Structures are given as structure tokens and as C-alpha cells.
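Student: Make the full structure from the sequences, and use the hints.
Letter 31 of the sequence shown, counting from 1, is numbered 31 in our numbering, and no numbers are missing.
Cβ pair distances, simulated, as ranges: (1) 124 - 44: 48 to 54 Å; (2) 12 - 63: 35 to 41 Å; (3) 59 - 124: 54 to 60 Å; (4) 66 - 11: 28 to 34 Å; (5) 70 - 91: 17 to 23 Å; (6) 44 - 94: 21 to 27 Å; (7) 85 - 24: 35 to 41 Å.
Please keep in mind that the hints were generated in silico from the structure rather than gathered at the bench. Since the model is a prediction, treat every value here as computed from it, not as a measurement. We put the beta carbon where it would ideally sit given N, CA and C, even for glycine.
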Amino acid sequence: MFSGLGSLAVALVIGEDIPGMVPLVSALALGLLSYGLSIDLYIRAQRDLGAAKTSAYYSIAPFVGVLIGIFVLSEHPEPMFFIGLGLMVVATALMISDSISLQHMHGHEHVHVHLHTHDGVEHVHEHTHRHSHLHVHSESVPTHDHTHPPSSLTDHAHH
Numbered sequence: 001m002f003s004g005l006g007s008l009a010v011a012l013v014i015g016e017d018i019p020g021m022v023p024l025v026s027a028l029a030l031g032l033l034s035y036g037l038s039i040d041l042y043i044r045a046q047r048d049l050g051a052a053k054t055s056a057y058y059s060i061a062p063f064v065g066v067l068i069g070i071f072v073l074s075e076h077p078e079p080m081f082f083i084g085l086g087l088m089v090v091a092t093a094l095m096i097s098d099s100i101s102l103q104h105m106h107g108h109e110h111v112h113v114h115l116h117t118h119d120g121v122e123h124v125h126e127h128t129h130r131h132s133h134l135h136v137h138s139e140s141v142p143t144h145d146h147t148h149p150p151s152s153l154t155d156h157a158h159h
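Tutor: Quick look at the structure:
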């Protein structure tokens, strides 16, 4: 809203005429779809995917623009463009490989204590088990993706 009001103020100061209703409504609709909707989707992506993955996916936008320019608008880039494009491809590949979650398999050993009573005598039994699982490291995925009831877990050692 404030960007639009600022632009309107500048336009009026430099003597621009206020457009008719059709161009005004068209500009507002274009702004809503191209800027407003994109910001909304970007914020949702940050919330759902995390900042790193959102940035990685967002980094492909210039390549979409290049494809549209070449194939839809029949643009003919100069040779220097392709050097820049190559650098952008390398930088984007590095960004994506760094931000897409790294995964590793490891195990946990747990000691469980079970208490029960037989004929008024309390018995304690301990047993240990080990299980392996895959951890996915990213901003949006917890690093320990399962839970244990507090009453059954007395010792939790990472190996």
C-alpha cells in the first residue's frame, strides 16, 4: 500500500495525470497478482519449507525468465550472457546442494524400566534395545522425529 502511495505521490509531483478507471483497476489487479500473491506464497513457503529450501527454489526464477525471454519473446542473448548464465547455474547448484537436507542413518540405544507387582512384591525389569532410523536435517524437520513415553525411558544415549 505504501509503495503504491509513494509512487502516486511522485507521479503527482512530476505532473503525471491520474489514469482512467480501466488502467487503474488493471494496474491494481496486476499488482495484486504479481506482487501481492507472490509475497503471500513466498511467506507460506518459508513457513512450510524453511528459509533455505525456499531460497533454493526461489533461485530458479531467473532461469524461468531466461526461458520466457528466449522462447516466448524471441530474445537473442549476446555471448557474454551465456558466461553469466553458466556462473548462475553453478551458483544455483551450490545453493541447492547446500540447502537441501542432508540425511544420515544412525542408531539409538534405550534402556526401558518396567515395574510390576506380583503377590504384593514389586519387581523391576530392565531391557535394552537399539534401533536405527534416518535423520533428515533441515530447518523445518525436527532432528528427532519420534517420541517415547517419559515413564518408560530412563536412559537415552546417542551412539
